[in-house]
Structures are given as structure tokens and as C-alpha cells.
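A.B. asks: Fit chain B to the given chain A structure using the hints.
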Amino acid sequence: MAAPDDKPRITLPQGALELLVLRTLARGARHGYAIAQAVKRSSREALELEEGSLYPALHRMERRGWVASQWGLTDTGRRAKFYALTPEGKKRLAAERRAWERMTAAVGLVLRGRAAGGQSA
Amino acid sequence: MTLHDLAASLGDAAQERAVARDVEAELAAHLELAAEALQGEGHAPEAARRLARERFGDLDRVRRECLSVRLGGIHVMKKLLVVVNLVLLAALAAAAGFAYLGHTRAVLAMEQAQLALEQARAEAARAEALAVDVSRLQAAVAPALEAVVVEVGDVIEILDQHRIVDLSEQALVQPDGKVLLHDVGWIDVVGLTREQVEQRLAEAYAPYYQDLTVNAIVHKARPEARPSGALDAHPGDPAQAESLGQIVSGGTPIVVGDTIEILDRNGRFDLGGPRRVDADGRVLLPRLGWTPVAGLERDQLAEQLTVAYQPYFGQLPVDVLLHRAGSAAGSVAPSASVVVEDVLGGATTVIEVGDSVEVLDRQRELDFGGRAKVAPDGKVLLPHVGWIQAAGKQRDEFARSVTDLLAPLFVSSPTVDVILYERGREVRTLSSQESGSF
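Residue numbers (the working numbering), protein chains in the order written: chain A, 1 to 121; chain B, 122 to 559.
Do not take every clue at face value.
[Unchecked claim] So, partial list: chain B residues that the calculated Cβ filter (under 8 Å) puts toward chain A: (1) Leu-148; (2) Leu-154; (3) Val-190; (4) Phe-434.
[To be verified] Quick list of in silico lysine-lysine cross-link-like pairs, DSSO-like style, CA-CA up to 30 Å: (5) Lys-514(B) x Lys-500(B); (6) Lys-40(A) x Lys-81(A); (7) Lys-341(B) x Lys-299(B); (8) Lys-40(A) x Lys-494(B); (9) Lys-299(B) x Lys-91(A); (10) Lys-514(B) x Lys-494(B).
[Said to hold, decoys possible] Derived contacts from chain A toward chain B, CB cut-off under 10 Å, selection only: (11) His-31; (12) Ser-42; (13) Glu-51; (14) Leu-58; (15) Thr-76; (16) Ala-84.
These aren't lab readings, by the way, just hints derived from the structure by calculation. For each residue, glycine too, the CB sits at the ideal point set by N, CA and C.
The following block holds chain A by itself, in its conformation from the complex:
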């Protein structure tokens, strides 16, 4: 039996990290660690981000105006930098989400098409 740590890691496709972060922030302002935990929980532990990779992505998104940051206190009284979605980020989330759904639907069509082709051959 595979131990929990042995379960296969899912490699995120290009752009997926930003989509996940935007979606997580749509539920409220969070600091980086909380974002990583929220993604892990929401994906039922299937997606475990390399936590450090979040920060360059967050800073890029802040430069693009999709998120805004502010130092604040966590529930346990620690200082942390909280990120919140901006109106521009909200629009970006909607657009990215639509693009993602179109892309996955298209990939699904191709995969199903290949399977059907194999059977008929």
C-alpha cells in the first residue's frame, strides 16, 4: 500500500498556478501560506504547491494589478502579508477560467476522439 507521501504529484500546466491563486483569493484576502493550504485543501490534497513558487507568482500578479497586498496580523498574531483580488484581478479570473474550461474541454474532445478512432480501426 502506498504511503500518503508516495501519491503522485500533479505537475501544474503553464498558467494554472495563477488561476488557482486568483480563485483562492476570490474567497477572501489571504497570506501566501494560507493560499498554499487552501489550494491543498480545495483539491483534496491532490495539489501540493511548492510553497516558495507562490511568491514570485504573487509579486508578478501584484505588478500586473491583479492583486493588492497589505501587511496585517494572522489569527495567531503573527505579521504576514495579505493579498486580495483587485477588480482587475476579478476580471482576469473570469477570463482565465473561461480559457481554462475551453482548453480542458478541447483536450477532452481530442482524447475521446483518439479512443473512438482506436476502436474503429
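C.D. replies: Using the frame of chain A, we list chain B on its own:
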């Protein structure tokens, strides 16, 4: 190097140091939070710190990338400033050159300018004639357009003409003549024509979206004119208004049995769906838990919540929609045949077999999968927790039990609230007479 160069260089260095300190503090905070969580899971402090570093990945690489992103922006700005300065210098040099070229070329330039001016005048005259034709056409169509004037009870559907921005708004015009919209809050629309509504909305949305052309469709209050098809659960939409009761205008005190919706005007935060005011005069709100609202007016509550949410979300303008089932005016009284599942009692109401409970994480991070029915053995099955005894406990006592069970499972020690629905024991129907008494 001049004194100016030296000062600029020192300023740059100070700015870079500030950015580096900010990045360092953020990454350190992450590692501390992660280590704290791991200690909560039972790791020794040193092991927790080591594990937190491992899970973080390559700290040096992350630090370099962060600095590159942050300082890259500053360097780009500086390069832009250099380019702007060069362009200005070039323009000055060109102006000086033109002055030096002398009178002959200046006369030639004047003649060319005169010719261009005459051509522009001819174009303008043609455009003016065309505009007159268009305005005549509009005047002919205007009476038909002006026939649509927004009234209370109409539904305004709002679309971006170019379908780039997802406005997806369908809002009911309330008794005070206003509609509640994301980003912009309450907008007065009653008595306006469709074009005037579009103009007003374009002005309201201007600070949020550049070059947005707003289209508005006015669906008249007559049932056959209402938009068909499923509407999103947007505040103020007619389908929701019908299920929740008549929307009540500002100035009316909230009473037990009303349903309120709390909305972030900027649409950034999910403040939960519609919630019924319980028998204690309180309503369950994200982050705040059970909050007393009975007796307050709609806009008073909005002001209080804006203050209450400040520690969580910063400056968050909040709007409130107030629904009343079978209003005292009796304008929209649900039919007695419509079964309305009632929110039961208050904090001390005892849960019984057959009731349903809805467990909600106050931070809205954990999903408990909606309502769960209390089984004949008095237990209820909840995600994360499993079977837990519910019957015989008071509502808030049960909430504390669930909170206690969750504490060792989650780093963030979530707090839950519970809404109790009595289904098996008593199913109430709302009527205009009954609604005022509970």
C-alpha cells in the same frame, strides 16, 4: 559624478534595500507560519523549522526571483524615464533646427498647413451633413425607444456591448426605485428611459472599466415580459426575490423572519448567501458569526457591517438587501400552498431526530456539504468529522462540539456555526398573517 547623480544613486539603493527587506520579511513570515503549523501537528520546534524549509523549496532561488520581479518593475520605470528624457531632448533639438532653417522653409510649411486646414474644413462639412441625417433618423425612432421607462418591479439586464467584461447583472428595481449592482452599489433608475439607464450605468462603471459601453435591457414587471430562463443567484433577481419574499426598501426596521443578503459592493469577497433572521433577532454572517440585526434599518446594518468587517477585509463597503416574506403591505404574499422550510429557533433550541443541520465554517474555508439530516439514532454525518451526536443538544452547543472535534484536524482551528432546520417535526407555511408573529 554630479551631486544629482549621487543623490539618485543613493535613492535607488535605499529603494532596493526596502524591497529586499520586504521580500525577506514575507518569506520569513511564511516559514514561521509553516513551522508553527507543523508544531501544531506534533513536530518538535527544530524539526518543524527544518521541515518548513524543505517544503518551501529553494529559498535563495525564490528570494532572487522575487527581487527580480519587484526590482524589475522599478528598473523598467527608470528606463522609461530615460527614454522620455531622450525624446524631450530630441524634440528640443529638432525645434532649434527648424528655427535655423530660415524663412523660406517656414513659408513653405505655412502653405502646406493652409492646404491641410482647407481639406479638414471640407471633411468637417461632410461629417456635419452626415450627422444631421443620423439625428433625423434617431428622431424618427425616438418615440418607440422612449416608450420604455423603468418602473418599480422591472428587471434591468446589463451587458457589456462588446461582451469583454462579464457584467452578467440582472437586478430587480426595488420599491425605492433603485437597483443594487456589483462594483457600483445602489443606482437610481426609476423613471429613466433605457438610454438614460445606459448613460447612468456607463458613468457609474467608468471608474472600474475603461471604455466600457453598457447595454441595458428593461424587462417590464408584467410576468409575460420577464426574462425567461434560469437566472443566476444574483441579488435582487426576480426568481430569488420570489423565493425570499418582497424586497423591502431602506428605512424599514428588520424583524424576525426577514431574510437579509450582505454584499461586498466591489464583489471581491463572498459574504455568503441570503440568511433568515432567527427567533433571537440574529443572523449568521461569515467571519462575524451570529450577529444581532432585528430593529436596525437596512442602511444602518450596512454601516455597522462595514465597520465590523474592517479588521478582516480592510475598507470594505457593504450593502444589504432586505427581503420580507408576506410583507405587512401584503403586496407579495406567498401562496399558502407554498411550503417554506423554516429556519428553526435560536441558540438554545434543542435539536431533534428528523431536523436538518447546516454546518458552516465561519471563515468559509471548509466545505461541510450543505444540510445534513439527523438520523433516527440522533447522529448526523458530517464531512471531516464523521458521525456525531446531534439530537438532544442545543444548536450552539452542537456547534461548539463540532468546533472542538475540528481543532486537532486543522492548523487554522476553524470555528463553525450551525443553522437548524426543522423539517420532520414541523413544516410551516408562510402567510401574510403568520409572518408578522414569528
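A.B. asks: A separate judgement is required for each hint: does it hold in the structure or not?
C.D. replies: Tested hints:
Contact between Leu-148(B) and chain A, as hinted, is supported at the beta carbon level, the nearest pair being about 7 Å apart and thus within 8 Å. About 4 Å separates the beta-carbon of Leu-154(B) from the nearest beta-carbon of chain A, less than 8 Å, and the hint is met. This hint holds: Val-190(B) has a C-beta 4 Å from the nearest C-beta of chain A, less than the 8 Å allowed. Among the interface hints, the one on Phe-434(B) holds; its C-beta lies about 6 Å from the nearest C-beta in chain A, closer than the 8 Å criterion.
Distance check on the hinted pair: Lys-514(B) and Lys-500(B) sit about 11 Å apart at the alpha-carbon level, within 30 Å; holds. Straight-line distance between C-alpha atoms of Lys-40(A) and Lys-81(A) comes to about 20 Å, which keeps the hinted pair within the 30 Å bound. Taken as a hint, the Lys-341(B) and Lys-299(B) pair is honoured in the structure, with Cα atoms around 15 Å apart against an allowance of 30 Å. For the proposed pair Lys-40(A) and Lys-494(B), the alpha carbon gap of about 29 Å is at most 30 Å, so the pair holds.
Under the criterion of a C-alpha separation no larger than 30 Å, the hint pairing Lys-299(B) with Lys-91(A) is consistent with the structure, at around 25 Å. Distance restraint check for Lys-514(B) and Lys-494(B): the Cα-Cα separation of roughly 14 Å lies within the 30 Å cut-off, and the hinted pair is therefore satisfied. With a least beta-carbon distance of about 7 Å to chain B, the hint placing His-31(A) at the interface is held under the 10 Å criterion. For Ser-42(A), the shortest C-beta to C-beta distance to chain B is roughly 8 Å, which falls under 10 Å, so the interface hint holds.
The closest approach between the C-beta of Glu-51(A) and any C-beta of chain B is roughly 5 Å, which is under the 10 Å cut-off, so the hint is satisfied. The beta carbon of Leu-58(A) comes within 9 Å of a beta carbon in chain B, closer than 10 Å, and the hint placing it at the interface holds. Because the closest C-beta pair between Thr-76(A) and chain B is about 7 Å apart, less than 10 Å, the hint holds. Hint status for Ala-84(A) relative to chain B: holds, with the closest Cβ pair at about 6 Å, below 10 Å.
The structure shown violates none of the earlier numbered hints.
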